[in-house]
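There are 2 protein chains.
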Amino acid sequence: MRAEIITIGDEILIGQIVDTNSAWLGRQLSLKGIQVVQITSVSDQQAAIVDALETAQTRADLVLLTGGLGPTKDDITKHTLAGYFGSQLVRNDHVFARLKTWFEQRGRVMSDMNGKQADLPHNAEILNNNLGTAQGMLWRKNGKLILSMPGVPYEMKWIVQNQLLPLLEKEFSLPAILHRTLMVTGLVESMIAERIAAIEEALPAVIKLAYLPRPGIVRLRLSGRGAGRAVLSDFIADFEQRIVAELGHHVYGFDDVSLEEAIGEKLRSHHARLALAESCTGGNIARLITGIAGASDYFNGGIVSYSNQAKMDLLGVSSQTLEKEGAVSEATVLEMVSGARQKLAAEFGIAISGVAGPSGGTAEKPVGLVWIAVQGPAETVVRSYNFGTERALNIERASMQALYLLWKMLATN
Amino acid sequence: MRAEIITIGDEILIGQIVDTNSAWLGRQLSLKGIQVVQITSVSDQQAAIVDALETAQTRADLVLLTGGLGPTKDDITKHTLAGYFGSQLVRNDHVFARLKTWFEQRGRVMSDMNGKQADLPHNAEILNNNLGTAQGMLWRKNGKLILSMPGVPYEMKWIVQNQLLPLLEKEFSLPAILHRTLMVTGLVESMIAERIAAIEEALPAVIKLAYLPRPGIVRLRLSGRGAGRAVLSDFIADFEQRIVAELGHHVYGFDDVSLEEAIGEKLRSHHARLALAESCTGGNIARLITGIAGASDYFNGGIVSYSNQAKMDLLGVSSQTLEKEGAVSEATVLEMVSGARQKLAAEFGIAISGVAGPSGGTAEKPVGLVWIAVQGPAETVVRSYNFGTERALNIERASMQALYLLWKMLATN
Chain R
296 MRAEIITIGD
306 EILIGQIVDT
316 NSAWLGRQLS
326 LKGIQVVQIT
336 SVSDQQAAIV
346 DALETAQTRA
356 DLVLLTGGLG
366 PTKDDITKHT
376 LAGYFGSQLV
386 RNDHVFARLK
396 TWFEQRGRVM
406 SDMNGKQADL
416 PHNAEILNNN
426 LGTAQGMLWR
436 KNGKLILSMP
446 GVPYEMKWIV
456 QNQLLPLLEK
466 EFSLPAILHR
476 TLMVTGLVES
486 MIAERIAAIE
496 EALPAVIKLA
506 YLPRPGIVRL
516 RLSGRGAGRA
526 VLSDFIADFE
536 QRIVAELGHH
546 VYGFDDVSLE
556 EAIGEKLRSH
566 HARLALAESC
576 TGGNIARLIT
586 GIAGASDYFN
596 GGIVSYSNQA
606 KMDLLGVSSQ
616 TLEKEGAVSE
626 ATVLEMVSGA
636 RQKLAAEFGI
646 AISGVAGPSG
656 GTAEKPVGLV
666 WIAVQGPAET
676 VVRSYNFGTE
686 RALNIERASM
696 QALYLLWKML
706 ATN
Chain S
296 MRAEIITIGD
306 EILIGQIVDT
316 NSAWLGRQLS
326 LKGIQVVQIT
336 SVSDQQAAIV
346 DALETAQTRA
356 DLVLLTGGLG
366 PTKDDITKHT
376 LAGYFGSQLV
386 RNDHVFARLK
396 TWFEQRGRVM
406 SDMNGKQADL
416 PHNAEILNNN
426 LGTAQGMLWR
436 KNGKLILSMP
446 GVPYEMKWIV
456 QNQLLPLLEK
466 EFSLPAILHR
476 TLMVTGLVES
486 MIAERIAAIE
496 EALPAVIKLA
506 YLPRPGIVRL
516 RLSGRGAGRA
526 VLSDFIADFE
536 QRIVAELGHH
546 VYGFDDVSLE
556 EAIGEKLRSH
566 HARLALAESC
576 TGGNIARLIT
586 GIAGASDYFN
596 GGIVSYSNQA
606 KMDLLGVSSQ
616 TLEKEGAVSE
626 ATVLEMVSGA
636 RQKLAAEFGI
646 AISGVAGPSG
656 GTAEKPVGLV
666 WIAVQGPAET
676 VVRSYNFGTE
686 RALNIERASM
696 QALYLLWKML
706 ATN
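Protein sequence lines correspond, in order, to chains R and S. Residue numbering for the first sequence follows the working numbering, starting at 296 and increasing by one per position. Residue numbering for the second sequence follows the working numbering, starting at 296 and increasing by one per position.
A portion of the hints provided could be inaccurate.
No copy is singled out in the list; a pair is fine if it fits within one copy or between any two copies.
[Said to hold, decoys possible] Subject to a maximum C-alpha distance of 30 Å in a straight line, what follows is the list of computed BS3-like cross-link-like pairs (lysine-lysine):
1. Lys368 x Lys411
2. Lys327 x Lys660
3. Lys368 x Lys503
4. Lys327 x Lys368
5. Lys436 x Lys703
6. Lys561 x Lys436
7. Lys439 x Lys327
8. Lys561 x Lys327
9. Lys503 x Lys465
10. Lys327 x Lys465
11. Lys703 x Lys503
12. Lys452 x Lys411
13. Lys368 x Lys660
14. Lys411 x Lys619
15. Lys703 x Lys439
16. Lys703 x Lys561
17. Lys395 x Lys368
18. Lys503 x Lys619
19. Lys465 x Lys436
20. Lys436 x Lys368
Think of the hints as simulated: they come from the structure by calculation, not from any bench.
Modelling step: build the complete structure from the supplied sequences, incorporating the hints.
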């Protein structure tokens, strides 16, 4: 099955918003074995929409349109498609009642304009949208499926996951495709490739391995296709096991779990708590840790000790150490991590101090130099790195490296 | 002038990367008065590239292609276009020498594969790429311009800014277009629209006003077009002044400066320092403040006091207050902000405590409830908000609201 995606809206063409819907759709369809052959973005103009729709049907069996379904005048997708498919717009009482309830539950009165969202093409199948007022509208023509959805990402995603994908699986014999993603930290792509070269070599033709890097982590995705579900499942389980055996603690989880979430689970299961002392990362690690719901189970707090005075007053770093060794030094991060664990009554601690840049470096301590200390009840790890001169990148890399070192300590003890 | 953008690469269609190049290009072209009529993403296949290029020329005068110019086999854009335009690939000695130097400066030896990046179509104008090995290649055909650029965003942007835009300005009489963006905080779109209704009403036809919302801020962009440069400039200066007069301190800056950067400048000019005490935002405000280079001039540090114990130990919040009023209360954030200013020796302080969600709420203190205190030498502001049940959104909104309150105090005293 081949698909095309058409995103509609002037705001895309003038670059006011980045079209993230297409990438998300591309990923979902690919995971189901449906090949996306083209993505097209056009303006809110009838001729442009019809032209894109016509040519898409010459290449694809499934055409997904997003956008242009709001209640205001500038949104013309519904009327354009109704014209194209010879539809009459008729009030759908079922949808109208649902929209009315939807507004009532939010303590709002439904306006006439919003009520018109229930006027739908008589010859389209309606794919309900439980999260908004614009419904999915599906037409079938010459064996092709054309589905129009709202452009609001979470509404579009809801319709795809709850309506479109089940429908496709029911009506079409999509190939059996299985996926399993191993989340890897502390190794860059080339190092992983070297270590699992023999395992990759042994992969059967029906199993593909993709390296999908993100800052600080690499996702390894095993995809099976071209054999029965049971066969693929066994192969994937087998190769997952082999890769885990080879990479050990570097595999911190599966299927898109974040490193900070995996760390949280470990801390929770150890009944241990974490304290942070951040200088150059400026609170970024605390933000990542507290981004996970329930972080208060294992996180007491953190200290962003940006100035030397704060390092002394809040963490108990000695003035002698700061004078002799400087703020960016092994001795300082060691005192910082001890201070944080003590002040915040935590078993585990992370301390970071570095020259974030773009300026402020010296010959001895260049921009990008970062010292990280990680300390647990039984062990202290302290290391220096150079993460380069770009401030934002430097902060991100230092944060992820610190989380990796903590993960390693938690996972291997 | 009408333009189209074609982005090339399988990784876009399978959703492995989000195509951000198109939005950036759309923005740059729109700002120059060039209308983008379609964006198309196609795979690394000759027929797909040629087909997209042919149809783009039926609608546009300028076609920009990005991607598929790497040295590896799967990148076929150069060969495809050479075929399409009847070009011979010939070694460009000038580019070859530059590439060689480029590698030498990085302490690397140029491989044969990299050297082939200097084999370029004989009938294309070469737009130098100073940041990478793939050059811009420009063809002219029937009065249309077709430019192929690398897909690496910073390389593509460099070519556009340093080569393409100057070329277009020199060769074509692009309309005089002027822009000025006012950065507004503390007011949502509809409130701004109400307050400046009369000013908007008075805008001459040659000046357009766009509302561009981002989390916590709204950008108001004045664009002038359709008159001489001097006339437009005067109009824009006049309306900028009127809007600033009406919105007052809500206009925190111009032309895409961030709120945290504007705050930093104010603190620096006041010779004042900032301290933070964050609970539910978990370090996010500290991260924003320290994301700005030079923040150490005015930021001593912050305390992420996630547990009650940390609020007591590190900020001096009293146990009675926590027991009687709870951690999410007016009394607690007031003690937090005083504690932070004192412990971190700062004139200004922000304290935040809230129920970030998705769980943990009660009838009295529902998920989304956030108390914010901002304190300066002369004034204390304390308020409660409800930012909704979505954790990430809640954290982002609370952070931006706190920055707005601080901005207001700094700007109006």
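Hint check results:
1. Lys368 x Lys411: So Lys368 and Lys411 pass the 30 Å test inside one copy only (12 Å; across, 53 Å).
2. Lys327 x Lys660: neither (51 Å within a copy, 43 Å between copies)
3. Lys368 x Lys503: Only across copies: Lys368 and Lys503 sit 19 Å apart there, 47 Å inside one copy, limit 30 Å.
4. Lys327 x Lys368: between (36 Å within a copy, 27 Å between copies)
5. Lys436 x Lys703: Neither way: Lys436 and Lys703 sit 56 Å apart in one copy and 58 Å across, limit 30 Å.
6. Lys561 x Lys436: Answer is neither; intra-copy 53 Å and inter-copy 62 Å both fail.
7. Lys439 x Lys327: Within one copy only: 18 Å inside a chain, 40 Å across chains, cut-off 30 Å.
8. Lys561 x Lys327: Neither: 33 Å inside a copy, 53 Å across copies.
9. Lys503 x Lys465: within (26 Å within a copy, 50 Å between copies)
10. Lys327 x Lys465: within (13 Å within a copy, 49 Å between copies)
11. Lys703 x Lys503: within (28 Å within a copy, 56 Å between copies)
12. Lys452 x Lys411: Within one copy only: 23 Å inside, 43 Å across.
13. Lys368 x Lys660: neither (60 Å within a copy, 41 Å between copies)
14. Lys411 x Lys619: The answer is neither: 73 Å in one copy and 51 Å across copies each exceed 30 Å.
15. Lys703 x Lys439: neither (51 Å within a copy, 57 Å between copies)
16. Lys703 x Lys561: within (11 Å within a copy, 42 Å between copies)
17. Lys395 x Lys368: This pair counts as within: shortest intra-copy Cα distance 21 Å, inter-copy 57 Å.
18. Lys503 x Lys619: So Lys503 and Lys619 fail the 30 Å test inside a copy (54 Å) and across (59 Å) alike.
19. Lys465 x Lys436: Only inside one copy: Lys465 and Lys436 sit 18 Å apart there, 49 Å across copies, limit 30 Å.
20. Lys436 x Lys368: within (28 Å within a copy, 39 Å between copies)
Violation of the numbered hints given earlier is confined to hints 2, 5, 6, 8, 13, 14, 15, 18; the remaining hints are satisfied by the structure.
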